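Starting from the known structure of chain A, fit chain B onto it as the hints suggest.
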Amino acid sequence: MTATLTRPTLGPVESSPRRRRPRRAQGYRIFRATALVVVVLAFLAPLVWMFLASLKTNVDIYDASKSFVFTPTLENYDTVLARNNYLSFVFNSFWVAFASTALSLLIGVPAAYSMSRFTMRRSAVVVLMARIIPGVSLLVPWYYVFSNLRLVGGYSVLIISHMFVALPLIVYIMMSFFDSMPLELEEQAQVDGLTPIGAFLRITLPLAVPGVATAGILSFIFSWNNFMFALVLSGATTKTLPVAIFNFVSYASIDWGGLMAAAVVVTVPIMVIALFTQKYIVSGLTAGATKG
Amino acid sequence: MTITARRRSTGWSAYSDWANRHRKWLFAGPAMLFVVLLIAFPVGWTLYLSLTDAHGSVRRESDFVGFANYLDVLGDTDRFWPSVGRTAYFTVGALAVEMVLGMCIALLLWRPFRGEKWVRVAILLPLVATPVAIGMMWRLIFDPNIGFANQLLSWVGLPAQPWLSGQDTALPTLIFVDIWQWTPMVVLILLAGLTALSDEPDEAARVDGASTWQRFWLVTLPLLMPTVIVALLLRSIDALKTFDILYATKGKGGGSFHEVETLNVYAYGLSFDYNDYGTASTVLILFFLLIVAIMFAVTYRRKGVNR
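So the protein sequences, as listed, match chains A and B.
In case it helps, the working numbering puts the first sequence at residues 1 to 292.
In case it helps, the working numbering puts the second sequence at residues 1 to 307.
For reference, chain A alone in the conformation it holds in the complex (with noise of 0.2 Å):
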């Protein structure tokens, strides 16, 4: 009953105008239906394996007959949410990801939209400078000046080293999508008595919402997911939710029970985010990618 509903041209093969190789295609179906689902599982069944490895006791972690049958328990995720304080680095993680994501829209979203409208290539590649740099090389000198400014072990230096990541990618997206929206309703305003600035307040930002929204997600994921600055430059109080994984193991042996449960607690909130964001993050990360 649904093979109805299906529009006629499906799989290249069986779009095939004189219908020849009906066979084939028949193969190709199958075929195509098998490496999708080999394709779904290779890609998740880790992440369900770390799920489930949270939920065991560490007996059973160690236990090969109880890879998949076991008694779940919520003990590790006691351990890591009461015991380790994680919820306070939950709470360090997204006041980074948020502060530093609203202030790299704020000055990068204008950034974006005069290097666009200016064609300022030059001064473009400046911003996107950010993104090839490597890390590391910035993190020395970084924390020699904010540590004589007092800043190292605060939010205000996790947020700087945050918005750095942002930006670029804020304008690189933001650029793109400038680049694709038409000039004659900003022309019309002007026309109509807005100032340019005006025009672009009230006609080309509302207009571009949808991207300012990839813009954000994508870099409050690529805040939260960070690990190298954060790993230098926060304090004991300050700590993103990578470092305080990666603390995890470092003390003599590994419990495993506990360090899936806070992996889990990490990727979660922003696989959550990306389950209804889909569509944003995916224009976000092909931006630019069809225009050669």
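Keep in mind that the hints were calculated from the coordinates and are not lab data.
Heads up, some of the hints might be wrong.
One side only, chain A facing chain B, incomplete, derived with CB under 10 Å [stated by the list, open to error]: (1) P46; (2) R117; (3) S123; (4) P168; (5) T195; (6) L231; (7) V243; (8) V249.
So these bits of chain A aren't anywhere near chain B, every CB distance computed over 12 Å [as the list claims (entries may be wrong)]: (9) L36; (10) T73; (11) N84; (12) S88; (13) P134; (14) R150; (15) Y155; (16) D179; (17) P182; (18) E187; (19) P206; (20) F227; (21) T237; (22) A244; (23) F246.
Computed from a predicted structure; not experimentally measured.
From the three backbone atoms N, C-alpha and C, an ideal C-beta is built for every residue, glycine too.
Just chain B now, with coordinates in the frame of chain A:
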């Protein structure tokens, strides 16, 4: 308030005129200033440090040693050149598989099918997951004693592998992890490129009797080349600089035999684990030159293709 609210009043309109006339730099300035401030001084300082014997603490007096660090580093076959080799091995190995696999999966997903949305979600998840957490996850899966990887091998009758703990197997294992996490990125980019392609050339080739294989190599791939280059460029920038999964799984110095010590991990170790800033800066300058050279090579090729 009332004065600024009225557009005719001289004060406000003077500001407004000025702002509108200079909007180009007013808009672009703050972001550029931010990036330049955070880059220019560190790069200058790194250049300076690379010419000194700074170590221990950056506050300490250090002597100017000219190009001695560069000679030392370039003659260092113990740590520097092996880490260059590992960086190349990791980048080329990961990228080669990611591009081929990414292309296969993108072609698989190209034409619409039922359940498309769920497959896309599945390939998006590794991409957005926190690399450090992913590193920990694979550490458990590849654990020689309790990991699922060896359990799987024993089911099919293969001998257990040391994976991340083996001196020769650690880097290939981490290449695998990189492939798992970043192939989806290649898929998404190539898929965007494929979707944007016009159907006509492919249709024309089909009418002319070209086989599926010929149509891919002679029609689709050449048309898709600009997108392939973009994917290659974006992935190579990140692969060269890979740090999170290497440091999270093997720790300081890339393991006890430096088996996964790439240039980035080496430079990080010199800076923050051994505080040898002079050498670290030298390595970083050379690393940066390498990245720029590769970017240049890839973009140069791109221009060649477009012509």
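Indices of hints not satisfied (ascending): Going through the list in order, the structure violates hints 9, 13, 20, 22, 23 and respects the others.
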